[in-house]
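Based on these hints, arrange chain B on the given structure of chain A.
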Amino acid sequence: SQQGEEDPQALSIQEGENATMNCSYKTSINNLQWYRQNSGRGLVHLILIRSNEREKHSGRLRVTLDTSKKSSSLLITASRAADTASYFCATDARGGADGLTFGKGTHLIIQP
Amino acid sequence: DVKVTQSSRYLVKRTGEKVFLECVQDMDHENMFWYRQDPGLGLRLIYFSYDVKMKEKGDIPEGYSVSREKKERFSLILESASTNQTSMYLCASSLSGEITDTQYFGPGTRLTVL
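If you read the sequences in order, they're chains A and B.
Just so we're aligned, residue 1104 is where the first sequence starts under the working numbering, counting upward by one.
Just so we're aligned, residue -17 is where the second sequence starts under the working numbering, counting upward by one.
Looking at chain A on its own, in the form it has when it is part of the complex (with noise of 0.2 Å):
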């Protein structure tokens, strides 16, 4: 079953402005992390957050965890129309080594 899930499924907005994900999940983790897909394409990790740490910033990006809630956030500032991709988070729930569970997305739609 799905560990991560992502709201909004889908997000679409103007160039320059922000766009906020979420993603919730159901139990305890170690790590949670985000990553980017573009159409057709692999995935690419982006952040890493730990189960204890709040925040975490990386370029544009800014990852938040609020383990009490179990839930993230992923906040891209300034988007960019090479932004456009679905961007997915996913948890160590089976521990590490043993492979993540991934959410089923949200895919974000920068218009120029």
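Fair warning: there could be bad hints in the mix.
Unchecked claim - Distance windows between CB atoms, simulated:
id, chain 1, residue 1, chain 2, residue 2, range
1, A, ALA1181, B, SER47, 29 to 37 Å
2, A, LEU1164, B, GLY22, 24 to 32 Å
3, B, VAL(-6), A, ASP1110, 32 to 40 Å
4, B, MET9, A, ARG1153, 35 to 43 Å
5, B, ASP20, A, PRO1111, 44 to 52 Å
Said to hold, decoys possible - Chain B side only, calculated, beta carbon under 10 Å to chain A, not exhaustive:
id, residue
6, GLY24
7, SER76
8, GLY88
9, PRO89
These aren't lab readings, by the way, just hints derived from the structure by calculation.
Just so we're clear, the structure is a prediction, and the values are computed from it rather than from any experiment.
The beta carbon of each residue, even a glycine, is placed where N, CA and C say it ideally should be.
Same frame as chain A, now just chain B:
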């Protein structure tokens, strides 16, 4: 940079055929994974391997088998392809470890079974 390659980007096979999907990684990663991705269902784990000759079932192993004879190569086998196995197949690898388990994905193989 980690590189994960998959043998084909697109593949068309007939029902009943035996299908081999190959995945190779060049970073000496311990763990390798096979997923399938379908619209509305996201990524689902088929099988994974944490060492040579070792394999573990994921969420949906039925109709599939895997082989890992060398550390860098992980093969997914469809013993008798069926139309419901039409999908995008994604291979990934990761270093062993509890925290640093970032996965590196190949470009995917879009398989169509007729």
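Results of checking the hints against the structure:
1. A:ALA1181 to B:SER47: 29 to 37 Å: 47 Å, violated
2. A:LEU1164 to B:GLY22: 24 to 32 Å: 26 Å, holds
3. B:VAL(-6) to A:ASP1110: 32 to 40 Å: 36 Å, holds
4. B:MET9 to A:ARG1153: 35 to 43 Å: 22 Å, violated
5. B:ASP20 to A:PRO1111: 44 to 52 Å: Because 20 Å falls outside the window, the suggested range is violated.
6. GLY24: 4 Å, holds
7. SER76: This hint holds: SER76 of chain B lies near chain A, its Cβ roughly 7 Å from the closest one there, short of 10 Å.
8. GLY88: 5 Å, holds
9. PRO89: Interface hint status for PRO89 of chain B: holds (5 Å vs cutoff 10 Å).
Checked against the numbered hints above, the structure violates hints 1, 4, 5; every other hint is satisfied.
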